[in-house]
Amino acid sequence: MANLKEIRTRITSVNSTMQITSAMKMVSASKLKRAQDAITDMRPYAEKLQEILGNLCESLETSEGMYSAQRDVDNVLLVAITSNRGLCGGFNGNIIKECQRLIKEEYADNNVHILTIGKKAKDLLKSRSIETNQGDLPSDLEKVWESVNFETVAPIAQTLMDAFVAKSYDKVILVYNKFKNAAVQEVTPEQLLPVLPPEATENNAASDYIFEPNKEEIVADLIPKSLKVQLYKSILDSHASEHGARMTAMHKATDNAGELKKDLTLHYNKARQAAITGEILEIVGGAEALKN
Amino acid sequence: MRIEILTPDQELYSGEGSAVYAPGKDGSLGILENHAALITSLRKGKVEIETPNGRETFDVDGGVLEVLNNKVIILAE
Chain A
1 MANLKEIRTR ITSVNSTMQI TSAMKMVSAS KLKRAQDAIT DMRPYAEKLQ
51 EILGNLCESL ETSEGMYSAQ RDVDNVLLVA ITSNRGLCGG FNGNIIKECQ
101 RLIKEEYADN NVHILTIGKK AKDLLKSRSI ETNQGDLPSD LEKVWESVNF
151 ETVAPIAQTL MDAFVAKSYD KVILVYNKFK NAAVQEVTPE QLLPVLPPEA
201 TENNAASDYI FEPNKEEIVA DLIPKSLKVQ LYKSILDSHA SEHGARMTAM
251 HKATDNAGEL KKDLTLHYNK ARQAAITGEI LEIVGGAEAL KN
Chain B
1 MRIEILTPDQ ELYSGEGSAV YAPGKDGSLG ILENHAALIT SLRKGKVEIE
51 TPNGRETFDV DGGVLEVLNN KVIILAE
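Residue numbers (my numbering), protein chains in the order written: chain A, 1 to 292; chain B, 1 to 77.
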């Protein structure tokens with residue numbers, strides 16, 4: 001059995017680790033709340049936008065636009081959305097795994113490029129010697145996480161749209177963690193470009209609208225907007241997922257640390273008792289020896 | 001009539017109002033009670049609304065305005 005001092009040091013270190021993990025859990029819980037609120041705030045906007053687009057496209061025959069052009073797929077761009085920080089369980093690893101699967105299976109015959117949002121994707125892909133952010137792609141997108149709002153996300157969407165129109169890529173896929181609830185995240189590949197036709201809504205009022213300046217122009221205005229919102233939504237989902245994942249991971253870590261501490265304390269008490277018993281035996285032995 | 005002004009980050013205004021003045025792409029437009037159904041895109045400028053508590057102004061950087069059944073929704077940016 002390890003000696004008393006060793007066990008004592010280990011208990012102290014487990015204790016301080018436990019404090020850190022439980023603090024991180026608490027921080028994530030409060031950040032998660034805020035991230036969830038951001039999603040809730042965004043939802044009415046996204047829904048309304050989708051509704052208007054649906055209304056428009058229903059009465060519009062030619063949905064052929066520069067963002068919905070279906071070309072022969074040659075160059076694929078994967079947008080891997082991860083966090084900047086670790087200690088959040090399989091959150092980042094799952095994204096990387098999904099990217100690798102897409103490269104090997106789905107797009108094995110295409111040129112696949114990767115754009116990373118978040119430091120972890122960049123680092124992890126680099127360590128697997130997969131090249132990221134080649135060419136004109138921005139490589140400083142981890143700063144998105146410093147303040148998640150629409151103004152910082154919109155330019156990224158614009159970059160992607162421009163690259164698509166310039167035919168640098170024929171397909172743009174977002175790979176991110178969809179937020180189910182605090183404990184469950186789902187890795188989702190989602191097509192951003194070309195635009196999938198919006199589902200027409202069952203709304204008879206659509207035909208009665210007055211359009212100003214005209215339908216085509218409004219659609220041309222709305223499509224980029226909806227793309228930006230789609231990217232923004234995936235970033236928000238990712239953000240909430242990150243904190244959810246970290247909360248769960250840290251909760252488990254705290255539990256494990258508690259168990260470890262209990263075990264160690266038991267060991268420590270046993271060792272201490274054994275030492276005391278040994279000492280008493282010695283004293284008794286010594287006293288016996290003196291008597292004789 | 002009911003007025004809602006939404007941005008992706010938050011809800012700027014939601015409540016009753018008697019008039020909306022918005023910078024339409026083809027020129028400013030004013031919307032009063034019982035306006036016909038309308039969809040129009042906006043350019044950068046100021047949206048003003050007449051609320052029961054006086055006039056309120058919001059800066060928008062483009063957006064879309066929809067009027068339907070005496071309800072005005074502005075998706076601003």
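Source of the hints: derived by calculation from the structure; they are not laboratory data.
Where is the CB? At the ideal position from N, CA and C, for every residue including glycine.
It is possible that some hints are incorrect.
Pair by pair, the computed Cβ-Cβ distance ranges are [as the list claims (entries may be wrong)]:
#, chain 1, residue 1, chain 2, residue 2, range
1, B, N70, A, K178, 46 to 56 Å
2, B, L12, A, S147, 28 to 38 Å
3, A, A29, B, N53, 29 to 39 Å
4, A, S127, B, G15, 32 to 42 Å
5, B, N69, A, S127, 54 to 64 Å
6, A, K215, B, N69, 14 to 24 Å
7, B, N69, A, A29, 36 to 46 Å
8, B, A36, A, K97, 45 to 55 Å
9, B, E16, A, L196, 43 to 53 Å
10, B, G15, A, R34, 18 to 28 Å
11, B, Q10, A, V165, 23 to 33 Å
12, A, P44, B, D59, 12 to 22 Å
13, A, V165, B, D59, 22 to 32 Å
14, A, L196, B, A36, 48 to 58 Å
* Asked: Failing hints, ascending?
  -> Result: hints 1, 2, 4, 9, 14 break, sorted rising.
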